[in-house]
Amino acid sequence: MNKNKLFPQINGILHGGDYNAEQWLDRPDILAKDIEMMKEAGMTSATLGVFSWSAYEPVEGEYHFDWLKDVMDNLYNAGIYTILATPSGGKPAWMAQKYPEIRRVDSYDVREHQGVRENHCMSSPVYREKVANIIRQLHAHVGNHPGLIMWHVSNELGGECYCRLCVKRFQNYLAEKFDHDINKLNKAWWTTFWSHSYNSFSQIEPPYKNGDFSIMGLNLEWKRFTTWNMNDYMKSEITLLRELTPEIPITTNFMQLYDGLDYRPMAKELDVISWDSYPRFHNDYESLADVMGQNTFDHAVMRSMKKDKPFMLMESAPGLVNWHPYNKLKRPGIHKLFSYNAIACGSDTVQYFQWRKGRGSFEQYHGAVVDHLGTNDTRIFKEVAALGAELDGLSEITGTLIRSKVALLFDWDNMWAIDDVKALGQESKKYPETCMSVYKELTKRGVDVDVIASDEPLDDYDVVVAPMLYMLRDGAAESLAAFVKRGGQLLSTYFTGYVDKDQLCILGGFPGNGLADVFGIISEEIDTLYPSDRNSVSFTDGSSCELRDYAEILRVGTADVLGTYDSDFYAGNAAVTVNSYGEGKAYYVAARIDYSKLGEIMEQMMVNAGIAIKDLPDGVQYHCRYADDGTAYGFYLNNTNEPQTISEVHGTDIQTKNIFDGKMELAPFGVSIIKENN
Amino acid sequence: MNKNKLFPQINGILHGGDYNAEQWLDRPDILAKDIEMMKEAGMTSATLGVFSWSAYEPVEGEYHFDWLKDVMDNLYNAGIYTILATPSGGKPAWMAQKYPEIRRVDSYDVREHQGVRENHCMSSPVYREKVANIIRQLHAHVGNHPGLIMWHVSNELGGECYCRLCVKRFQNYLAEKFDHDINKLNKAWWTTFWSHSYNSFSQIEPPYKNGDFSIMGLNLEWKRFTTWNMNDYMKSEITLLRELTPEIPITTNFMQLYDGLDYRPMAKELDVISWDSYPRFHNDYESLADVMGQNTFDHAVMRSMKKDKPFMLMESAPGLVNWHPYNKLKRPGIHKLFSYNAIACGSDTVQYFQWRKGRGSFEQYHGAVVDHLGTNDTRIFKEVAALGAELDGLSEITGTLIRSKVALLFDWDNMWAIDDVKALGQESKKYPETCMSVYKELTKRGVDVDVIASDEPLDDYDVVVAPMLYMLRDGAAESLAAFVKRGGQLLSTYFTGYVDKDQLCILGGFPGNGLADVFGIISEEIDTLYPSDRNSVSFTDGSSCELRDYAEILRVGTADVLGTYDSDFYAGNAAVTVNSYGEGKAYYVAARIDYSKLGEIMEQMMVNAGIAIKDLPDGVQYHCRYADDGTAYGFYLNNTNEPQTISEVHGTDIQTKNIFDGKMELAPFGVSIIKENN
Amino acid sequence: MNKNKLFPQINGILHGGDYNAEQWLDRPDILAKDIEMMKEAGMTSATLGVFSWSAYEPVEGEYHFDWLKDVMDNLYNAGIYTILATPSGGKPAWMAQKYPEIRRVDSYDVREHQGVRENHCMSSPVYREKVANIIRQLHAHVGNHPGLIMWHVSNELGGECYCRLCVKRFQNYLAEKFDHDINKLNKAWWTTFWSHSYNSFSQIEPPYKNGDFSIMGLNLEWKRFTTWNMNDYMKSEITLLRELTPEIPITTNFMQLYDGLDYRPMAKELDVISWDSYPRFHNDYESLADVMGQNTFDHAVMRSMKKDKPFMLMESAPGLVNWHPYNKLKRPGIHKLFSYNAIACGSDTVQYFQWRKGRGSFEQYHGAVVDHLGTNDTRIFKEVAALGAELDGLSEITGTLIRSKVALLFDWDNMWAIDDVKALGQESKKYPETCMSVYKELTKRGVDVDVIASDEPLDDYDVVVAPMLYMLRDGAAESLAAFVKRGGQLLSTYFTGYVDKDQLCILGGFPGNGLADVFGIISEEIDTLYPSDRNSVSFTDGSSCELRDYAEILRVGTADVLGTYDSDFYAGNAAVTVNSYGEGKAYYVAARIDYSKLGEIMEQMMVNAGIAIKDLPDGVQYHCRYADDGTAYGFYLNNTNEPQTISEVHGTDIQTKNIFDGKMELAPFGVSIIKENN
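Residue numbers (full-length UniProt numbering), protein chains in the order written: chain A, 1 to 678; chain B, 1 to 678; chain C, 1 to 678.
Keep in mind the hints are simulated off the structure, nothing from the lab.
Glycine is no exception: its CB is placed at the ideal position from the N, C-alpha and C atoms.
Accuracy of the hints is not assured; some may be wrong.
[Said to hold, decoys possible] Calculated from the model, a selection of chain A residues having no Cβ within reach of chain B, i.e. all distances over 10 Å:
1) 20
2) 26
3) 176
4) 228
5) 246
6) 270
7) 363
8) 379
9) 430
10) 486
11) 624
12) 643
[Stated by the list, open to error] Distance ranges between label pairs, derived from CB positions:
13) A:567 / B:546: 44 to 52 Å
14) A:126 / C:61: 57 to 65 Å
15) A:613 / B:420: 49 to 57 Å
16) A:280 / C:287: 33 to 41 Å
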């Protein structure tokens, strides 16, 4: 068994899902049928208690935990383990009524009414006390239950609060950050502009919609504070849970590149990363391979937050979801393909929201394993049960890890800064989309890539790609310079190195902080194209490609010019350059060129670095997980509805036991896991 | 004279309109000219006092009714009767200033400032008292006037109020509805979801925009309560009016399928149904025939609320309106065509907003009989006067009624539920549009159809069409089953029978509550197509048709399959079925197929039921009104600008006295009323 | 030297820009370099102190002016003069915190938080006192500085305030305007409509978004009041400045056709007009010539507010701006072209926002002379410096003036009324666009045109064009009648003369107040076309043209019909007419016909009036400025990137000294200033 296996109790890949048993307490027949059907579906886990507070404590101080214990008992007796959520995601109505301060205040400075979910004030001492109390109660009743294998803190934490308590904490946070020196803050935020200087931290307000949204430093710091405060809140739960049950691992469920929180500081507090994945399958604007490519990027973001452990796919829809603009059915086979993609990218679980559809309210039509129809012969149930049987057989995979020599830099605060910057084109900035598009080009070549922060160590990597690295965190430029100097291959693009961590422009030339030397160029101007504008780049090798949206005008220093603009007043100027710096090479792509061409440039970098590239058919993905002993498990996923032929496969399919030494055929939407020959 | 004639005092079809005389009290010359021109235009009625409160009571307790009496006298002396509105639609500024609680609170919990109209709090005891007082005053001054023929309660009642008084009434309404048992409500609203359970009715808030909009049951009940509360308010006026003048009939003016109120409970309190009709003539997205077809549906909704009486077209624009996105002139002839359509569909009046254009404010450019120009030689005046002369000659039509053997089921709360449901495609639900499209197919075949609630008795009908009957009211499924069993022809579509009256999903298979047996199918999944997606259905008779938006995947039980899907993973599965059930047949159309094909299926149902179908040229409508003695008056309306030839006409045109026994020619936009041979 | 030269201290055209030195006080090296580079760029002026309040008074009552004096000294010593702003555009945080009443209340009656700029309450006595105090302080420290040449009051004044103080002032303003007689107001606003009559001025509220937005008179008067109150506020600054430094001229910077304020009453209080111009160069919906044409119109609006003096281009972007939807680089040569267009249209300055890019906040990427790069070799710096050198040589131009015989009538309150009117098409009213399109047709013919209010004297003009003169101010119709009677050429269009100054419709026929006689027609109806609708007009001379959006149906009286509609139910009716009235002619264009055709009609008017027309290549503009002695300086601007040949040039290029007597070649984007032969 690999030492990083998350749940030794469970054979194979954990198969589970949210189970809102409290919705059915008046239907013991259904609760009994659930256990039976879960076994049939190969479920090994159930996530309980996500929104159970009003079931636990319907009236202040009056507790009901028997039902929970019964459910956990019944599950355990059926071999199904419990992941138990703290119920803080949904505050009871009586609490919102009695303690109005636990309700959030919105960006117009208006306190919200009770409702919806995930919207308690993160600062409220009352709420924290109430949460601590219900956790203690929960622990007292089921904390030592043998079926309990994990804590699930709250649910999809998110949002902001602008209440007086939060504002006060924001001011304290800023005072702490700026050494209690208001002029440090004034300088960092360039507040002399529009006469916005503060003379005390107590004057600072969050960026209310009807207040000051014009200070980029304030906007950014408010985002950072919200992460800080949410993390502080989350830690208040975690600290207590660790105290009560030191041996039970803790997670919370993340939501893709959720814009409201930088997940990385939060990840540090967790034992395991888990996330909820709801792609828009079969939409009308991209191919299934593109959907899966984006999903791969999302998995990489999650995986890279804890590289030494598998992550968990905490939620996914067994069928469709109910909140997309068009909620199309997931086609047959896609559920399996999607689930295996998660595993291929490092997940050791396949979990659902939810086990059984609830009869009413907001998510009554969200896909679930068991439909309102209630039978075990629905298409969805059968697909889930078939997958469950397979997952049980994958124990040799559990605890294996992906190893990357390539990193893509992505920072939440860079995303926030770019979103907020008053420059470029309002609709065409597309920082995350750019990162995903770059990532897809790497995935197409069968290369597993970590997605990391720009100030994380680069020691493990030979190739680093940093698209639109607009904001340079402290030390990031120096780290990149050192990386190239010691032989690394670096690529960056237009809109890199413009500002420091407070969004102050760097003086003396972009990209700043020494990167101009690393790349051997200075970017003097950036041209923003209208959506209908086009230009193109001709390369020294005779090739050419189109560009759109952005084009920087460079002053070329020590760099070699690889491509030049074909038209406009900067025709003939450098568009793509490479600079030798120390032992390495630094590529600069000054315009938003076609991603396929960018892929070719990155392929050259991989060749330079001696990293193996796969020759894969269009729409086929390859990922590789390694066991402690170095055994490599290659995952091939066919994201097309045509059969595909893969070449250069050498090893054994661990499910079919077929042995390959050359070509391998993949069925439409087919998956194969190859234990590779050494 | 037919016994259902609404106004025995008036010869022919009542011809009238809103007359805001209070705007011209300083212009006696204009008031005098009005009387003269009204006679010239053949007006037999004027609607007074719609917004006259500040003219009646400019200062609290100071009353001015002489002007009103004078106007009513002058009208009466000219043979023009008065429909008198209660002035509650517009609250005076002094009242809004002195009694802030009469102003509404909006969905963000903010009290509105004074302004606009139709926005008093329905719950306010102060407002009800003030309204009662002004009605008593009005009655004291003109309540016995010989010209007074009808009360017009307030004006276009609508909107919502979220004030504390309304919230309290909402809580009481809920307590009453759920037997003072909060757990009954919790269960009906599935509040365990997201931990939303209440432990007291006092905790329930309306669905504030910054509160709880996620409980479908709450959202729906708030809509129902708003109807209940508006009706309660309206009844407070009606009760008083009945007490004061028991002999004067009462109406209020409805607004098409106004989304904010279920008009049916309100209709029960009224003596006569009236409504305001403002189609978008000559728009750039549909033909005139389509516009008229929708108008026909709207008339049917109104007519069907009181089947034993004609209704009233209380308002229409003699020329253009001023609030459409593009306010195009109504082309010559359209005014006549539109007015006759109302009569053909059961109206005994043609009325306008308004007689004379006001010089200022919001509606100064709304079409009126008399323009700012002020003369009797404008195109509009001449068209109105010509129509007036014709209407006077139609006394034999007044009091005749439409008789339908076909019903289309339409429920306001089904519309609310579908609008709110978190499923399908956000932009493609289109429940009312679907009903209208189905209705148009019936109209094309010359069949007059009632539009009724799903729980109304079906005894009078042989064919029932129930498109997208998502919500099953108590007893509705049983009623439909009985209808088919006794020999009825029923058709329903995808998205039928999913939820009960509280929007809880029905367990055990859709359509629920026994309808799966009636139709002989179960719908396992519903596929939502993207707008660009298409599929098609092939029928056993060799025909085929396109489908879009929605396609259910059926499990076929006892039903016969009439058509199957041509492509996608459910190709070959049943798309259209028919089931013999008792003496009748139940058709199920599982996908949004072309309406022309749906029309063919309904035509077959009509054949099955022995209902006569007309063979009409495209763009021609036929409706029939019956006198007490059974005499049939057939209306032919040519909604095209080409002459049309109608066949199988047997009878006498009551205006031209021409006799037809076969073909009849209709001029462009022409109308003919045929007293049909027996 | 021409007597109207604005700044005798300065040679040539003033060249300057905003200089936010307070942002760099910790960087004396940069401040020193600024002086050096300003000299290199040929700057003769710097605008200081625009947002310096928190630098002057960081804590209430604690003043810092030494830095300002130092900067002014250093500039002065380098030959650079100071335009000094009052700092009221940006209120310090401490003040907003201590005196909440200085913060505005928005249209939802919510007080704003501190932030952004230009958002103090105009009524607040506290703010006025604080502003007076800081101005006195400013004067005490630098008021007598020899470098000070102008006061710049606040900055881009704008916006509205709905606070209690402003509401009270609004009520007083109304009481004053309506002679303290509430019934006068009721009548003017037609408040009997919807029962909106007031019985006291204290009941009147502004048009809150959740209040009364339905009274056109109220909406309009609120706009007028906001101008009145802003002007009142501005005068409080000006009065004090005049008292302190009677010899220093005063301006404030306007913003194009800013919708929120009628600039004309404000212009009367100023010594010099200045404005900030930020065209959307190189966009994807119009040509560069169109952009420049609109800019020419904007300049004419500004110029015409003080016809006896040059105006100032107070701000422009040396490079791009940062707040357009797509912030494309200004192409090489465009900066020069644009700057000369300002001069050609009557500006005696070329000024920038700003000298040096600030490192942070909302405008860190707004173009500036000096980039973050900081060097004198950027493209932008070099273009600015080259222009600076040229401007220094243009002293003979300074103080020259444009003379127009043609006026286009444009009223702010007509724009407000049309925007607000509930009629026509919501998206197709386009009053300012219509004026600009008409203006461009005149510009194409080399005719300089004044843009004036409809009630300004017409004595100087021979041709008057009044597109969409919907609202007739008191006396405007009489003035136009007199103008035609004495021999003037007048053209007006559809939607003219419908309402009086309170937006009450004029009775008895449009265009009202006697204009029907002047034009010899009455407009009975106006048809609003859908965007896809088209019609056309055939003229008696055999030509024809397309029309869209609007078409009036005329009753022709004494007028001659020049063109008739080709289709629709009004085919054959008059579409364009001309009427001889007294000694002049009045043209009426009843539909929105092609502007090129409208241009031909106006060309005929110019011929009638004996006004010279230029035959210019497409995309070339001509303007002419006259010295006191009558010397004419003709400006030719090539707004295309092709060379252009001009014919009939007779004179000497004052820069190249080339002499022309016939053809002249203009380089792409080239400019030539010809001192014309007499």
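Consistency of the hints with the structure:
1. At the 10 Å boundary, the C-beta of residue 20 (chain A) falls inside the reach of chain B, the nearest C-beta of that chain being 7 Å off.
2. Not every CB of chain B lies more than 10 Å from the CB of residue 26 (chain A), the least distance being 7 Å, so the non-interface label is violated.
3. For residue 176 (chain A), the non-interface assignment is confirmed: its Cβ lies about 32 Å from the closest Cβ of chain B, beyond the 10 Å cut-off.
4. Its beta-carbon lying about 25 Å from the closest one in chain B, residue 228 (chain A) satisfies the requirement of being farther than 10 Å from that chain.
5. Taking the minimum C-beta to C-beta distance to chain B, about 28 Å, the non-interface status of residue 246 (chain A) holds against the 10 Å cut.
6. Against chain B, the non-interface label of residue 270 (chain A) holds: every CB pair exceeds 10 Å, the least being about 23 Å.
7. A beta-carbon of chain B is positioned within 10 Å of the beta-carbon of residue 363 (chain A); the least distance is around 7 Å.
8. Not every beta carbon of chain B lies more than 10 Å from that of residue 379 (chain A), the smallest distance being close to 7 Å; the non-interface claim is violated.
9. In this structure residue 430 (chain A) is separated from chain B by more than 10 Å, as the shortest Cβ-Cβ distance comes to about 22 Å.
10. Taking the minimum C-beta to C-beta distance to chain B, about 50 Å, the non-interface status of residue 486 (chain A) holds against the 10 Å cut.
11. For residue 624 (chain A), the shortest C-beta to C-beta distance to chain B comes to about 32 Å, beyond the 10 Å cut-off, and the non-interface label holds.
12. The Cβ of residue 643 (chain A) sits about 17 Å from the closest Cβ of chain B, beyond the 10 Å cut-off, so the non-interface label holds.
13. Between residue 567 (chain A) and residue 546 (chain B) the beta carbon distance is about 45 Å. The supplied range of 44 to 52 Å therefore holds.
14. The given range of 57 to 65 Å is broken by residue 126 (chain A) and residue 61 (chain C), whose C-beta atoms sit roughly 41 Å from each other.
15. Separation of residue 613 (chain A) from residue 420 (chain B) is about 51 Å and conforms to the stated range, judged on CB atoms against 49 to 57 Å.
16. The beta-carbon spacing between residue 280 (chain A) and residue 287 (chain C), approximately 40 Å, falls within the hinted interval of 33 to 41 Å.
Consistency with the previously given hints fails for numbers 1, 2, 7, 8 and 14, ordered from lowest to highest.
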